[in-house]
Amino acid sequence: MKNDFDVFDPIPDVDLPSFLIEKEDRTFDPMPRRRFLKMAGVAGGGLALAFAFGNGERPEPLAVSDGSGGFSPNAYIKIGNDGNVTIAAKNPEVGQGVKTFLPMIVAEELDVAWGSVTVEQSEIDGDRFGRQSAGGSQSTPRNWDPLRMAGATARAMLVAIAAKQWGVSKKQCNTSEGFVINSQDGSRLSYGELADAAAKLPLPDEKSIQLKERSEYKILGKWIPGVDNHAIVTGQPLFGYDQVLPGMVYAVYVKCPIFGAKVKSANLEKVKALPGVIDAFSLEGDGSAESLMPGVAILAESTYEAFQAEKQLVVEWGSSEFDQESWGGFSTEAAKLAKEPAAQSDEKGDFSGAQESASKTIEAFYTYPFLSHANMEPQNCTAWFKEGKMEVWAPTQNPQRIAALLSGLLKIEESSVVVNQLRIGGGFGRRLMNDFAAEACAIAHRIDKPVKLVWTREADMAHDLYRVGGFHQMTGTLDDSGKWTGLKDHFITFSQKDQRPAKPVKGGNASGASMQLPAIPNVSFGKTFLPLNTPTGWWRAPGSCSLAWVFQSFVHEMAVAAGRDHFDFLLEQLGEPRWLEEGNRRSLNTARAIDVIKLAAEKSDWSKPIPEGRGRGLSFYFSHLGYFAEVAELTVSETNHVTIDRVVVVGDVGMLLNKSGGENQVEGSVVDAISTLAGQEITVENGAVQQSNFHDYPLLRMASQPPIEIHWIETDNSPTGLGEPAFPPLTAAVTNAIFDATGKRIRTMPISKEGFTI
Amino acid sequence: MTRLSLQVNGENRFVENIDPSTPLLWVLRDHLGLVGTKYGCGKGLCGSCTVHVGGKAMRSCSLPVSSAADQEITTIEGLAKSNEELHPLQDAWIEQDVPQCGYCQAGQLMSAAALLKEKPKPNNTDIDAAMSGNICRCGTYQRIRKAIHSVAEKGGVA
Ligand code: FES
Ligand code: FES
Chain A
0 MKNDFDVFDP
10 IPDVDLPSFL
20 IEKEDRTFDP
30 MPRRRFLKMA
40 GVAGGGLALA
50 FAFGNGERPE
60 PLAVSDGSGG
70 FSPNAYIKIG
80 NDGNVTIAAK
90 NPEVGQGVKT
100 FLPMIVAEEL
110 DVAWGSVTVE
120 QSEIDGDRFG
130 RQSAGGSQST
140 PRNWDPLRMA
150 GATARAMLVA
160 IAAKQWGVSK
170 KQCNTSEGFV
180 INSQDGSRLS
190 YGELADAAAK
200 LPLPDEKSIQ
210 LKERSEYKIL
220 GKWIPGVDNH
230 AIVTGQPLFG
240 YDQVLPGMVY
250 AVYVKCPIFG
260 AKVKSANLEK
270 VKALPGVIDA
280 FSLEGDGSAE
290 SLMPGVAILA
300 ESTYEAFQAE
310 KQLVVEWGSS
320 EFDQESWGGF
330 STEAAKLAKE
340 PAAQSDEKGD
350 FSGAQESASK
360 TIEAFYTYPF
370 LSHANMEPQN
380 CTAWFKEGKM
390 EVWAPTQNPQ
400 RIAALLSGLL
410 KIEESSVVVN
420 QLRIGGGFGR
430 RLMNDFAAEA
440 CAIAHRIDKP
450 VKLVWTREAD
460 MAHDLYRVGG
470 FHQMTGTLDD
480 SGKWTGLKDH
490 FITFSQKDQR
500 PAKPVKGGNA
510 SGASMQLPAI
520 PNVSFGKTFL
530 PLNTPTGWWR
540 APGSCSLAWV
550 FQSFVHEMAV
560 AAGRDHFDFL
570 LEQLGEPRWL
580 EEGNRRSLNT
590 ARAIDVIKLA
600 AEKSDWSKPI
610 PEGRGRGLSF
620 YFSHLGYFAE
630 VAELTVSETN
640 HVTIDRVVVV
650 GDVGMLLNKS
660 GGENQVEGSV
670 VDAISTLAGQ
680 EITVENGAVQ
690 QSNFHDYPLL
700 RMASQPPIEI
710 HWIETDNSPT
720 GLGEPAFPPL
730 TAAVTNAIFD
740 ATGKRIRTMP
750 ISKEGFTI
Chain B
0 MTRLSLQVNG
10 ENRFVENIDP
20 STPLLWVLRD
30 HLGLVGTKYG
40 CGKGLCGSCT
50 VHVGGKAMRS
60 CSLPVSSAAD
70 QEITTIEGLA
80 KSNEELHPLQ
90 DAWIEQDVPQ
100 CGYCQAGQLM
110 SAAALLKEKP
120 KPNNTDIDAA
130 MSGNICRCGT
140 YQRIRKAIHS
150 VAEKGGVA
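Chains as they are written, first to last, in numbering that gives the first Met the number 0: chain A, 0 to 757; chain B, 0 to 157.
Some hints here could point you the wrong way.
Over 10 Å on every C-beta distance to chain A, these chain B residues come out as not near it, computed from the model [what the hints assert, rightly or not]:
hint, residue
1, Leu3
2, Ser4
3, Glu10
4, Arg12
5, Gln70
6, Glu71
7, Ala79
8, Pro119
9, Ser149
Anything over 10 Å on all C-beta distances counts as not near chain A; from chain B, calculated [unchecked claim]:
hint, residue
10, Val52
11, Ser65
12, Thr139
Here are the in silico distance ranges between beta carbons for each label pair [as the list claims (entries may be wrong)]:
hint, chain 1, residue 1, chain 2, residue 2, range
13, B, Asn122, A, Lys221, 31 to 39 Å
14, B, Ser61, A, Asp644, 33 to 41 Å
15, B, Glu94, A, Glu713, 20 to 28 Å
16, A, Glu581, B, Ser61, 55 to 63 Å
FYI, nobody ran anything at the bench for these hints, they're computed from the structure. All residues carry an ideal CB built from backbone N, CA and C; glycine is no exception.
With these hints in hand, go ahead and build the complete structure from the sequences.
Structure below.
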């Protein structure tokens, strides 16, 4: 049965940047749907298949040449007649393992031994690769069908040509690890031997392509280490910060600490006279934090000389109407607004009625701060403007957006922009915004040399596009029997300063559906906006990362008030096992939710008593199409130091594509979530961010790392991404456990605000 | 501005025209082309820039090049005996699939290598102490710990 309140809009802005949402593939106008494919011989012979994927679930075969041979470096699959198999990795690698697991999908269906595959990072080419981005945990769901088809189509063609050569039927032929095998007499032909002949075959009908059953998988689901590991551990130049081009100069770009203020004057002559400095100039920019803010560029012969020169730069900044913006001011204002009616609200049932007839009413005010991404590799970008063309080496999660950005900013034709993909030292959503690329290109546009723009850590922290903070005034009602009858949230969030009408900033949206408590009959979800100048952007599980903490903490508060076991109480709020909207996999499937919660309780010994002085906390959240229930067990010392003794994670993402890479994402999400809980906050004072480096924006270190146990529930659902969904439940699991251990309810993040340390 | 001679990864390297207070990190990266050593904070807070100077793990972002001039410097590029024979920790890192983004891992490996040289069989407290200066934003600590233990169990780095 469909319940409109809980699914009324599958919260497009909460989980996913809207341009990443599957059904709203708006970045590209997919190329005309050419349903043909031509074979192009690989240089030196062989078979190459190039597919283009639009937003559909099927590959769009694409003509890569006139068929008269030639090399196609961007094809997903290249099989040389020497037997070498090369598979293209299409999406940016930020540490989510995509450079390994997407090629694994192709290799599985192609039926080659993983050890025989060479993975190559592809070019950026929307015509051939469709959407190339790293965000919203979308690489898996978007590419699952097309990449399987890419592999299976190639395999079908290899089988067809072998059958022809043997004069047997295709049904008589099997494949295994790069060979076609004649099941009658056991003879074998390698893919390499078949490659040249296969290249001349017509494309088989898509409908005739048979995909493997899961039970036949030999690569997917296995523990496969990352393809770049060797290069990483030997210190190869993989990252943006490592790029070196002939004659390259180094640049810093200095912006006003108060976001967006203009350059009035600067001591440019003095700066230009400093050692190693080549030039210095100011840029006006277009005033957008996602593009080019006003600032001063300093070009030098080395990174260090650029950094040193920056210290000598004195800028007189223009005035800003936002020089009073402060986190303290927002907090005071939010506390006041929370008591007033919300600017917008959605209702289900009759919350006021529930309140009138309640036997108990619980109220709680939750606060979470702004956060920085703090990517380990500070922002940077290398650009070279040569003969009217801009070539860019960008550590970006969103490479296909750069050309349009530059065409607006610098009036360069989109077709004259070439973006090279690099391995990226951490994404977490920061690099979905391409401000660093706009800066590097605007500087490169002015000189005739390649430029590497390097951000200092301080610049990185002071000029992020932050995870937005927020405030929730929660009210819950119970009846005599301890049943949860009514729930109200007045969410105080932010709208970008001049947005009319107000609309939530990136990561600052939520709806009734975000609460994921569909069995509560009377619900009111209201929103009020505060105007904001500080830039905000996507983060890890933006929206969900903070919302889950509020809602799953409040569930625990209500369970305690009702005198009920948290586990039973949480399950009760999910109601019957069902899909809230049949067939819409972005809507909550309570059956999958219940299953992960039950297994988490079992694995964490939920029903067993816990030793004195310890606490245990449970939490659940569904985000990015993944279902996660998590339990934290911890000890709190007399000085309120929290030692997390154990974290149990249970996930359902359909199936795990790479056991190693997938579990890496879970481990990373847990650590990340504990980091945010422990002591991270970005505070704005007088319009500027106060934190500058890891001493005042701490990241979790080795000694605080808890043991993490991961369990999976495999379901028939097609696999979904893991970059984000393990994060959201963790924070409430920990704060609920702190309550269990101490009786102290934490309603302000980070917990250092409440006198706790981790 | 001076000319400096450095001992890097077993080779004699010269740097011309250098301000002797320049941190070793930037000399390695921009002058000697050894970009495996990473910049993360520039303040000795994150460990991304860890190298060995005179056999000890040091934060190269906070070490003036002049003070490293007479000592043997090893960077991540020189940690392995050869291309074919990696340092046991590098093998363990690959096997345990430690890296996520990978950016911090050069520093992590250099800290871990210095630890094992000093304490071939470290316990968890030793590991916490030796590795606490190295941040991993991606959260690979559980695997780093496992990888260090696995090398120690197999007989260390001798
Ligand atoms: S860059 Fe040296 S410790 Fe961070
Ligand atoms: S692996 Fe990304 S920072 Fe450590």
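Val52(B) non-interfacial with respect to chain A [C-beta, more than 10 Å]:
Val52(B) is indeed farther than 10 Å from all Cβ atoms of chain A, at 16 Å.
Reported absence of Ala79(B) from the contact zone with chain A (all CB gaps over 10 Å):
violated, 6 Å
Can we trust that Gln70(B) is non-interface, i.e. its beta-carbon lies farther than 10 Å from all of chain A?
Gln70(B) is indeed farther than 10 Å from all Cβ atoms of chain A, at 20 Å.
For the range 33 to 41 Å, tell me whether the beta carbons of Ser61(B) and Asp644(A) fit it or not.
At 35 Å between Cβs, range holds.
Is the Cβ of Ser4(B) more than 10 Å away from each Cβ in chain A?
Label holds. Min Cβ-Cβ 19 Å, cutoff 10 Å.
Far enough from chain A: is every CB of that chain over 10 Å from the CB of Pro119(B)?
Non-interface label stands for Pro119(B): nearest chain A Cβ at 19 Å, farther than 10 Å.
Could you see if the CB distance from Glu581(A) to Ser61(B) stays within 55 to 63 Å?
The hint (55 to 63 Å, Cβ to Cβ) holds, given that Glu581(A) and Ser61(B) are roughly 59 Å apart.
Are Glu94(B) and Glu713(A) spaced within 20 to 28 Å by their CB atoms?
Hint holds: Cβ distance 25 Å, inside 20 to 28 Å.
10 Å Cβ clearance of Ser149(B) from chain A
holds, 14 Å
Per the stated criterion, does the least C-beta distance between Glu71(B) and chain A lie above 10 Å, as a non-interface residue requires?
Fine: 17 Å to the nearest Cβ keeps Glu71(B) off the interface.
Verify this label for me: Thr139(B) is non-interface relative to chain A, using a Cβ-Cβ cutoff of 10 Å.
Not fine: 7 Å to the nearest Cβ puts Thr139(B) too close to chain A.
Given the hint of 31 to 39 Å, check if Asn122(B) and Lys221(A) actually sit that far apart at their C-beta atoms.
Since Asn122(B) and Lys221(A) have Cβ atoms about 32 Å apart, the given range 31 to 39 Å holds.
Consistency with the previously given hints fails for numbers 7, 12, ordered from lowest to highest.
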